[in-house]
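Undergrad: In the order they appear, the protein sequences are chains A and B.
For what it's worth, our numbering labels the leading residue of the first sequence as 1, then goes sequentially.
For what it's worth, our numbering labels the leading residue of the second sequence as 1, then goes sequentially.
Calculated directly from the structure, the hints in this document are not laboratory data.
Predicted model, so just to flag it, every value in this text is computed and none were measured.
Keep in mind that the hints are not guaranteed to be accurate.
Note: identical chains are not told apart, hence a pair may lie in one copy or across any two.
[Stated by the list, open to error] With a straight-line cut-off of 20 Å between C-alpha atoms, the simulated DMTMM-like cross-links for lysine to aspartate or glutamate are: (1) K26 - E167; (2) K201 - D87; (3) K259 - E247; (4) K142 - D64.
Number of protein chains: 2
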Amino acid sequence: MKALKYKDSIDKWLENYFISKDGYEKTIYDSMSYSLNIGGKRIRPLLFLYTYSLFKDEIDDVLDIAGAIEMIHTYSLIHDDLPAMDDDDLRRGMPTNHIKYGDAIAILAGDGLLNEAMNIMFQYCIESESQLAVKACSYISKSAGAAGMIAGQIVDIESEGKKISIEKLKYMHSKKTGALINAAIVSAAILAGADSTEIEKLSEYGTKLGLAFQIKDDVLDVIGDESKLGKKTLSDENKNKSNFITEYGLEECEKQCIKLTEECLELLKSLGKDTEALEDITKYLLYRES
Amino acid sequence: MKALKYKDSIDKWLENYFISKDGYEKTIYDSMSYSLNIGGKRIRPLLFLYTYSLFKDEIDDVLDIAGAIEMIHTYSLIHDDLPAMDDDDLRRGMPTNHIKYGDAIAILAGDGLLNEAMNIMFQYCIESESQLAVKACSYISKSAGAAGMIAGQIVDIESEGKKISIEKLKYMHSKKTGALINAAIVSAAILAGADSTEIEKLSEYGTKLGLAFQIKDDVLDVIGDESKLGKKTLSDENKNKSNFITEYGLEECEKQCIKLTEECLELLKSLGKDTEALEDITKYLLYRES
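Taking the hints into account, I'd like the entire structure generated from these sequences.
TA: This is the structure:
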């Protein structure tokens, strides 16, 4: 698949990032590196890089920002998995960060990854001396914050054991999962100097893709294969959480995934550019088994 | 005291920041606002503002950055107080964030404040269109990260119940407390366009002040008044932690505080500017009872 061309670059960048970090605080680097490198589809950095490549060729120049986005994603997983939150022991078939390092270090590893992502982005802004870079990084930072991912997580926590409205469910996921997926795409377009119509179309694409991604996640939580997912299924049911399946039923969810995917592909085509890689990712997310 | 002239401005800025935030995620704003507004000496934003005012008059223009620095400080306190970390119930005489809101929300409130600080800094960089702003914000961001405050916290956690070398103890505090105090001062100088000699002197001042601050904290932990401190004394002894008192003894610590304070005042004078407010803060930190 063309879309995976850049996955090796991202994986290597992430693998090497904390290498040769030593000293008194070695543990924090080990624990951050552990969660960053236990696998993962790298969807967000791939979306970032392929969106950027619609407008510019120099992908290596922006690998740092792609890596920063994956760090933000990883920090959120580490904190979500904590006993005080979702209390999950397994992630990608491996012990979660707090199972391996303990709760205190897992909290700090999450903090450290979020902070490191910001360090990387500020450093990029210094070196590029570009106002577009500042705008792109600001967009990413906002998507992760209390009006973005954290808003989604707080609604998720407060909704446990309760029936919530479909409107609130959609709101939750648009923030928890959607915000960073959308930001990966939109920030790349901003950074690459896309015009406002292009940014708007890509933002709509990102929003629909984020929703399709979450519905598919809920579907896999019911009918997925634990060994492929690397985590337990039926986690929402066990925690008595509302999700798209409890609201719409399995069949309707699968239909909606297909419909959203089609709309995503239409939006990409309307850009009039070579969007093959993004189309591949979009379809891959629909047909994935993990 | 001249140095407190700007405290009201900071307090008001912090009080108003999350006001009128509502919606599904109201709890996260309430909990962030709670910890941000249960008092505090506002040392770091004051150091930032008074350093800036050595070079520029328009303090209102940079209140946002001062507030962002206090948010980073507050996030670190919320996470440090968690049961998995220092497990403290009281902070400034009030219930800590997790006692009031529960562990999950306290973790997210910390995450949210760190993230909001970054949002504010990126927004400031967009609006000011200034490379000095990007450099100043980058300096603040790095001071909070895994090579800064988080390094100090990880060494602190790993040292619990162990005797550690004086070198490691100094390293720990230079990161845990020193990094953000130094950054508040240095970032203000960078932002205000100070020259490299001035920045160097102020950086040395910040490093010595941070060390004096921490030694004084250790002294107060032994001989302080709980009602004035708003937290329990002898916390290090009860947690079997090394500190400056266990290493040097009380008398030597008090001597070192005075010596460092004198060196700080000398450094300020060597700038040849009206440093009265910074001198006041420096002396206040030496003589404080909380």
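Undergrad: Hint by hint, work out which the structure violates, then give me just those numbers in ascending order.
TA: 2
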